[in-house]
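J.: Sequence:
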Amino acid sequence: EMDDEDCERRRMECLDEMSNLEKQFTDLKDQLYKERLSQVDAKLQEVIAGKAPEYLEPLAALQENMQIRTKVAGIYRELCLESVKNKYECEIQASRQHCESEKLLLYDTVQSELEEKIRRLEEDRHSIDITSELWNDELQSRKKRKDPFSPDKKKPVDFLNDCLKEFSLTFPRPYIVYMLQDLDILEDWTTIRKVNARM
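Take the sequence shown: its position 40, counted from the start at 1, is 41 in the numbering used here, and no numbers get skipped.
Among the clues, some could well be false.
What the hints assert, rightly or not - Taking lysine-lysine and the BS3-like style, the derived pairs with C-alpha atoms no more than 30 Å apart in a straight line are:
#1 Lys44 <-> Lys72
#2 Lys44 <-> Lys30
#3 Lys88 <-> Lys104
#4 Lys118 <-> Lys104
#5 Lys72 <-> Lys86
#6 Lys24 <-> Lys35
#7 Lys88 <-> Lys72
#8 Lys118 <-> Lys195
#9 Lys72 <-> Lys52
#10 Lys86 <-> Lys104
Hints in this document: simulated from the structure, not taken from any laboratory. On a predicted model such as this, the values are computed, not experimentally measured, just so you know.
Produce the complete structure using the sequences and hints provided.
T.: In structure tokens:
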């Protein structure tokens, strides 16, 4: 059996041992903290230097992804440029075809208008020529029927007026209403003056 003195001594030994163990545990914990802190700091320095595997592997994946996306973007850019170029060429071709079509249409329109004007001028000239021939025939027939010794021979102005009146009743001249340009009217007037000069 142990007496009180032995128990007290034993208790003190246990307390000292516990205190020593706690001190060792605290020292180990501090040492472990410092070691882990040193490892983390070293890893951080590797990351900053670009040498850490934990950094290099994701970085390589990111760079590969970037290269793929850059290549795809370049292909898409080329396709867009080709599409715009094709659209531009189509617009140019359509514009040229439209211009050629409008040019041909304008040429046909102007040609038709000029041919119509020529046809009208020919009709007017033909009508005036026929009227002039009828007028000359009528004058010649009247001169032949007239007595050369008649008193009317001394009045050529009255005779001419009478002939004009009778001719107007017998052969009415065409009534033409001009809705033409000044150049067309001038051409018609020149034609009429030439006919009058022949009369």
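J.: Each hint should be assessed against the structure and marked as holding or not.
T.: Hints, verified against the model:
1. Lys44 <-> Lys72: Not satisfied, since the Cα-Cα distance of roughly 34 Å exceeds 30 Å.
2. Lys44 <-> Lys30: With a Cα-Cα distance of about 21 Å, the restraint between lysine 44 and lysine 30 holds, given a limit of 30 Å.
3. Lys88 <-> Lys104: holds (24 Å)
4. Lys118 <-> Lys104: With a Cα-Cα distance of about 21 Å, the restraint between lysine 118 and lysine 104 holds, given a limit of 30 Å.
5. Lys72 <-> Lys86: Cα-Cα ~21 Å, so holds.
6. Lys24 <-> Lys35: Holds - the C-alpha atoms of lysine 35 and lysine 24 are around 16 Å apart, at most 30 Å.
7. Lys88 <-> Lys72: Holds, because 24 Å separates the two Cα atoms, which is no more than 30 Å.
8. Lys118 <-> Lys195: Status holds; Cα separation ~19 Å.
9. Lys72 <-> Lys52: holds (27 Å)
10. Lys86 <-> Lys104: holds (27 Å)
Hint 1 from the list above is the single one not met by this structure.
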